[in-house]
Each structure stands twice: as structure tokens, then as C-alpha cells.
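Take a look at the letters that make up each chain.
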Amino acid sequence: GENVEQHPSTLSVQEGDSAVIKCTYSDSASNYFPWYKQELGKGPQLIIDIRSNVGEKKDQRIAVTLNKTAKHFSLHITETQPEDSAVYFCAASTSGTYKYIFGTGTRLKVLA
Amino acid sequence: SAVISQKPSRDICQRGTSLTIQCQVDSQVTMMFWYRQQPGQSLTLIATANQGSEATYESGFVIDKFPISRPNLTFSTLTVSNMSPEDSSIYLCSVMEFSTSYTFGSGTRLTVV
Numbered sequence: 003g004e005n006v007e008q009h010p011s012t013l014s015v016q017e018g019d020s021a022v023i024k025c026t027y028s029d030s031a032s033n034y035f036p037w038y039k040q041e042l043g044k045g046p047q048l049i050i051d052i053r054s055n056v057g058e059k060k061d062q063r064i065a066v067t068l069n070k071t072a073k074h075f076s077l078h079i080t081e082t083q084p085e086d087s088a089v090y091f092c093a094a095s096t097s098g099t100y101k102y103i104f105g106t107g108t109r110l111k112v113l114a
Numbered sequence: 002s003a004v005i006s007q008k009p010s011r012d013i014c015q016r017g018t019s020l021t022i023q024c025q026v027d028s029q030v031t032m033m034f035w036y037r038q039q040p041g042q043s044l045t046l047i048a049t050a051n052q053g054s055e056a057t058y059e060s061g062f063v064i065d066k067f068p069i070s071r072p073n074l075t076f077s078t079l080t081v082s083n084m085s086p087e088d089s090s091i092y093l094c095s096v097m098e099f100s101t102s103y104t105f106g107s108g109t110r111l112t113v114v
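Those sequence lines, one after another, are chains U and F. Counted the way my numbering counts, the first sequence spans residues 3 to 114. Counted the way my numbering counts, the second sequence spans residues 2 to 114.
It is possible that some hints are incorrect.
[Unchecked claim] In silico DSS-like cross-links for lysine-lysine, where the CA-CA straight-line distance does not exceed 27 Å:
1. K8(F) / K44(U)
2. K39(U) / K111(U)
3. K70(U) / K101(U)
4. K101(U) / K44(U)
5. K39(U) / K8(F)
6. K24(U) / K44(U)
7. K24(U) / K66(F)
8. K60(U) / K73(U)
9. K59(U) / K8(F)
10. K60(U) / K8(F)
[To be verified] A short list of chain F residues far from chain U (calculated; beta carbon distances all over 12 Å):
11. D12
12. Q52
13. K66
14. F67
15. T80
16. S82
17. S89
18. V113
[What the hints assert, rightly or not] Take a look, some chain F residues computed to stay more than 10 Å from chain U by CB distance:
19. C14
20. Q29
21. S54
22. P72
23. L74
24. F76
25. E87
26. T104
27. T112
Everything labelled a hint here was simulated from the structure, so no lab data went into it. Here the structure is a predicted model, which means the values were calculated and not measured. We treat Cβ as the ideally placed atom computed from N, Cα and C, and that holds for glycine.
Could you build the full structure based on these sequences and the hints that come with them?
Rendered as C-alpha cells:
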């Protein structure tokens, strides 16, 4: 069946450094790729998303890149801050459906 | 975006008992969704709740174990029945906005002892 692989499972970076989380999907019909941030004790929150007709999208310190040929997409966080510490989930879906395949999550720790 | 309130935020329950989780949305929505997040794992869709019809369950989830109510367009409940320690998880209520992105509630952290 369809799946999304996410790496790494844990990531520690020094404050101010960049962090990169990568996901690979299997369903070639997927065309919508959101990223969620889950802080301790809270539900996941959408932080950025990208559609398959775009190769890159940026929002301040976060950016997402998509390589449709290789079926992988990545989250990039620059100038990391302690408040970026959280679990990040990627997901893949097809527009118009509610079926998301979520990655297994990356626990990001930003060390002050 | 929609604001979702979930109650309780956490609970510790005895095995064999049931817990009902409530989800309230601040706007009317057609579809509400219930997810399970097992410790250290990803999010798994349990079922979709539509107002006025039976919930639609995903593979591996059954109505007898996870009965769902959807009495109106802003409210839903999920019951975890006859609980065992394997049911210890975070249960998340969510809605889909703009036909693509999920908004999640803060979750109910359930521990079964």
C-alpha cells in the first residue's frame, strides 16, 4: 500500500543552524504535501504545504522543496530557534480527498 | 481557521471501561475526523463522521470498539469501548478546511491501566 517514509526520526541542531527533514512517498497520484508541527501537549498544526505544480515554497524561515520525479519532499528550517523544538510530520495526499498518509515524525531539538 | 475544543485533555482509565471524548468546533463543518496517535508513532485515521449518517471506519477500526456520534454540524464524540492498555494513545479530532488541509484539536491523551 501507499506509504510515506520520513527521516531522520530525531534531529538535534544548535540554535541558529539549519534543519532538514526528508520524506519519500510511494503513490505517484499524490499531489498535495503538507507539513505539521506538533508541540508537546498539543495537536499537530499545519506550518507549510506544497502542491505538485510547484517545486519550492518558502514562508519566512521555513521552506519546502518537492522533487516529483524522485517522489521526495523536504522541510528546511533556517536560523533555528528553541521554539522550533517539536515533532514534525510530513504527509502526502491527493487533492479533493481526505486521505492523508502521514510520515512517522521527526523530533527536532534545538539546543540553546 | 476553525478552532477545535476537545475534552477531556487527558485521562487515566481502568481496563474494561469506556471513555467518551467530545469535540466541539466553532463553525459548521460537513466532515469531522477522528485520528489515533500511538506513542511515538504517526497519525492513523480511525473514522470520518458525517452529520446525519453513520460514521465511515477505516480498515482495522470497528464501530463496536469506537462508536461515534455526530448530532450536529459542530459537535462529535468518539467512545473508546472496553479499553485495554493497547488503547493508550492520543486521540485527535480534526476537520478539513479549504478542502485540503486538516486542522486538529489539541488531543486527548488516554492511558489505560
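Checked hints:
{"no.": "1", "hint": "K8(F) / K44(U)", "result": "holds, 13 Å"}
{"no.": "2", "hint": "K39(U) / K111(U)", "result": "holds, 13 Å"}
{"no.": "3", "hint": "K70(U) / K101(U)", "result": "holds, 19 Å"}
{"no.": "4", "hint": "K101(U) / K44(U)", "result": "holds, 22 Å"}
{"no.": "5", "hint": "K39(U) / K8(F)", "result": "holds, 21 Å"}
{"no.": "6", "hint": "K24(U) / K44(U)", "result": "holds, 23 Å"}
{"no.": "7", "hint": "K24(U) / K66(F)", "result": "violated, 35 Å"}
{"no.": "8", "hint": "K60(U) / K73(U)", "result": "holds, 19 Å"}
{"no.": "9", "hint": "K59(U) / K8(F)", "result": "violated, 36 Å"}
{"no.": "10", "hint": "K60(U) / K8(F)", "result": "violated, 35 Å"}
{"no.": "11", "hint": "D12", "result": "holds, 14 Å"}
{"no.": "12", "hint": "Q52", "result": "holds, 15 Å"}
{"no.": "13", "hint": "K66", "result": "holds, 21 Å"}
{"no.": "14", "hint": "F67", "result": "holds, 17 Å"}
{"no.": "15", "hint": "T80", "result": "holds, 20 Å"}
{"no.": "16", "hint": "S82", "result": "holds, 23 Å"}
{"no.": "17", "hint": "S89", "result": "holds, 16 Å"}
{"no.": "18", "hint": "V113", "result": "holds, 19 Å"}
{"no.": "19", "hint": "C14", "result": "holds, 19 Å"}
{"no.": "20", "hint": "Q29", "result": "holds, 17 Å"}
{"no.": "21", "hint": "S54", "result": "holds, 15 Å"}
{"no.": "22", "hint": "P72", "result": "holds, 21 Å"}
{"no.": "23", "hint": "L74", "result": "holds, 16 Å"}
{"no.": "24", "hint": "F76", "result": "holds, 17 Å"}
{"no.": "25", "hint": "E87", "result": "holds, 19 Å"}
{"no.": "26", "hint": "T104", "result": "violated, 7 Å"}
{"no.": "27", "hint": "T112", "result": "holds, 14 Å"}
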